[in-house]
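Peer 1: Listed below, chain by chain, are the residues.
Number of protein chains: 2
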Amino acid sequence: MRKVAVVGVGMIPFGRRDEDSLLDMLAVASLRAMDDAGIGDRPIDAVYVGNMAAGMLNHQTGLSSALVDRLSLFPAAADSVENGPASGGSAVKNGVLAVASGYYDLVLVAGGEKMRDAIIWKVTDCVATMTHPLAEYIYGVTLPAMAAMFARLYMKKYGVTGEHLAKIAVKNQNNGLLNPYAHLHARITLEGIFYHPHAKVNNPVVASPLRFYDMCPVSDGAAALLLCPVEMAKELKKPAVVIAGMAQATDTQAVQDRDDPTDLKAVTIASQKAFAMAKLKPKDINVAQVHDAFTILEIAESEHAGFFKKGEGAKALDEGRTQIGGDIPINPDGGLKARGHPVGATGVANVGEIVWQLRGEAGEHQIKDAENGFALNFGGFGNNVLAFVLRREA
Amino acid sequence: MRKVAVVGVGMIPFGRRDEDSLLDMLAVASLRAMDDAGIGDRPIDAVYVGNMAAGMLNHQTGLSSALVDRLSLFPAAADSVENGPASGGSAVKNGVLAVASGYYDLVLVAGGEKMRDAIIWKVTDCVATMTHPLAEYIYGVTLPAMAAMFARLYMKKYGVTGEHLAKIAVKNQNNGLLNPYAHLHARITLEGIFYHPHAKVNNPVVASPLRFYDMCPVSDGAAALLLCPVEMAKELKKPAVVIAGMAQATDTQAVQDRDDPTDLKAVTIASQKAFAMAKLKPKDINVAQVHDAFTILEIAESEHAGFFKKGEGAKALDEGRTQIGGDIPINPDGGLKARGHPVGATGVANVGEIVWQLRGEAGEHQIKDAENGFALNFGGFGNNVLAFVLRREA
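For the record, the sequence lines run as chains A and B. Residue numbers for the first sequence follow the working numbering, beginning at 670 and rising by one. Residue numbers for the second sequence follow the working numbering, beginning at 670 and rising by one.
Here chain A stands alone, though its shape is the one from the complex (with noise of 0.2 Å):
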C-alpha cells in the first residue's frame, strides 16, 4: 500500500450561496485545491465527489462526471460517493485507496451539498431518509429528535448539563470568527444563550432538551483535496501532509437496535483502527475536527474517539482544554456547528482543515505548532463513521 499525502485543499465559505449552483461550489473548490498544490499540468486521473442529495434537493445525478465536464478533466474516471452525512469522507477513503493501490497517482475529491434553495421541511425530510425506513424514518423522527433522544439519555449518564451543551455552542460560534470560511460569524456568550433571563426566548427548545443553538445552520458549500503518493508530493510546492491512518466503522442502522444507545461503536472502532494504523494514541493529538452537527455530539464523540474518559468529555470542555490554546483544541474552525454542514462537503472540509492546521496556514484560529491532527466524519445516527489521523512530515 502506497503512502498517501493531501498536498492540495480548496474551500468556498459556506452559508447562504443562491447565486451558485452545487457544480459552481464544487468547481471553484476544486480549483483553489489545485492551485494551492500547484499541479501545474500534471494529469489529475480520478475525480471523487461526496455528495448525499443532489437527487433529491437539487435534480442532478452523474455529479462527478459533470464536475469533470466542468473542469475539462477528461478522460478522468468520476464517481460519486453517498454515506449520509459521511458521504465527505467516504469519498475522502476511496480517493486515498485508488492512489494507495497504485492505479492512479493524482486524485481529486470533492464534496458539497446546495441544501439552502429548497423548502426546509424538505431538507428536514431528505436528511431523515438516512434512518432506518421502518423502525425510524416511518415514525417521523427527524435527525434533531434522534440526536435529543441521544442527549437525554448521555445527559442523564453522564452529569452532561445544558450548560455544557450551550459552553460548545459558544466556544465553536467563538471560534468561527476567526474562520473565513465559517457560515455563521455571530459572537454568542454563555449570558446571552443560556444565564440570560430572555435565554428561552433567545435560545428556544427544538427538540428537548436540545435548544437552537445546539444545532449546526443547514448551509450551502464545498470543499476539495488534492491526493497524491507521497513521493509526487515532494516534487509539490506545499509541505506534504499524509494520511498516516484512515478507518470506517459501521453499526446498526437503527439507534434502537444497540445494546447501549448512548455507546457509538462506530465511532469507538474507526478512531482505534486509524490509531493503530497511524502508530499513534489519541494523546498524541494536536488538534482535532470531530462531527458536531449537534453540541451533544462534540462530547460524545470526542470521548468515544478516546481523547477522554467517558463521561470526562464535559469536565475537560469546563477545563478549557479543547478550546483553541488547550492541550487538545477540538474543532477550532468553528466545526460544523459554525462552519456549517453542507452534508457531502463535512467529511471532506474536516480533513482540509486539519491538512491547513498541520500546515500552519490555519490563519487566525491556527493551534501552534501542530504535527499531528485528527479528522472525524459521522453517518447515520453514528452507524457509519470514518476517522482519519494526519501527520505533517518532517
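The hints are simulated quantities; they were obtained by calculation from the structure and are not laboratory data. Please note: incorrect hints may appear among the correct ones.
If chains are identical, the list can't say which one is meant, so a pair holds when it fits in one copy or spans any two.
With a straight-line Cα cutoff of 25 Å, these simulated SDA-like cross-link-like pairs (lysine to any residue) come out [said to hold, decoys possible]:
| hint | residue 1 | residue 2 |
| --- | --- | --- |
| 1 | LYS942 | ARG671 |
| 2 | LYS672 | PRO898 |
| 3 | LYS942 | ASP710 |
| 4 | LYS950 | GLY771 |
| 5 | LYS1037 | GLU988 |
Starting from the known structure of chain A, arrange chain B on it as the hints suggest.
Peer 2: Relative to chain A, chain B alone:
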C-alpha cells in the same frame, strides 16, 4: 497493486418485483454471492453499493449502511457509489481498488435499483437527471430521445438500418429466453417486429428511428459480487476469475460538446486501457457484455470497444458472429434489452455474467470454453464508461 479475483456472484431475477424492497433485493443477491464464494465465517471488510436513484425513487439514502445492517456485517465499511447507469460498474471498480490497495481483503459489491413502483414519467425524468442540466435536461430531452438522435447520425454515417436494430432486439430477447434471471422472456422474431404488415403497430415508434423493441425495459433487480486477492481466492471453492484489466474514462457531459457525436470516445479509451492492462486484445475475448440500453448502443459500443472496425458491427451481426455460437458472442444473457436494466445493478450484473461464463456456469446460454471475457458499463450518454477484462485463472 494486488491482483483481484471475483470469487462469488449472486443475482436475483430482474423484472417487476412488487413484493421486494430495494434492500430486500440487494440483501438476497449479496447472500447468494457470499454463498457462491463459500466464504464461511471470513469477515467481509467492506461493502460497496452501486445505485443511482434510491433517494429520488425510493426515498432512502445510506443504502450501504442499511445493507450492512440487514446482513449483520458490522463493523464492515460501507459506501454507496453513484455514476448514473454506470453506478454498478463504478462500485465494482472501487471494490477492486480497495482490495488491490491491500487495505481490505474481502469486499462485497452489490448493485440494485427499484424502479417499477414509481410512475413511469417520474422514472424517465429521474434517469434524465444525469444529462447536462443547462444544455440538455432543460430542453426536455429524455434518454430514449438522446439515443434516437444518436441512432439517426450513426445509422446515416455507417449504413446501419432499422432492420439491424431489430436483429439486435431479436438476438438479445432470444438469448434472454435462456437466462432465468432475465426480465423479458418473450420470443420475438424479425418477421413479427420488422417485416410483418402490422409491425408498425406491434413495434411502434418511441423516438424515431427507435421503436418499442429497441428499448430496454424498466426493471427492478439486484446483483452482487465478492472480491478478494487472488491468493485468498485459491482457498475458496470456485475457480478464480481475475480482473485482468479495468479502466474508466469520461467524455463531455453534453453530447453536443463532442467534436463528433457519433464518436464514443470514453468507450474507446476505457476499453483500450482495460485491454492494455490485461495484455489482451479484443480478438482474445471469447464473450462480451455491452450496455445495450438501446439496440443501437450494442453496435456502436462493440465497434468502439475494438471488436469490429467502425461501421462493421452491423455486418458482424448479419453474419451471426455476435450470436451464441459466433466467434464473439455479445450479450449472451440477453443484455440490458432482455435481462433488464435496474440501473445500479447493470454494471455488477455484466461483470457477474462474464464470471459465470468463464467458470462454465452460464447454463443454457453458456459460451463454450470461454477463457477471456469483457464487460462494459455506459454512464450518462457515454460521458462515463467502465470496461473490465476478466480472465479465468488456469
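Peer 1: Hint by hint, say whether it matches the structure.
Peer 2: Cross-check of the supplied hints:
1. LYS942 to ARG671: Cα proximity of LYS942 and ARG671: in one copy and across copies (18 Å, 22 Å).
2. LYS672 to PRO898: The answer is both: 6 Å in one copy and 20 Å across copies each meet 25 Å.
3. LYS942 to ASP710: Intra 36 Å, inter 21 Å, cutoff 25 Å: inter-copy only.
4. LYS950 to GLY771: between (28 Å within a copy, 23 Å between copies)
5. LYS1037 to GLU988: within (19 Å within a copy, 74 Å between copies)
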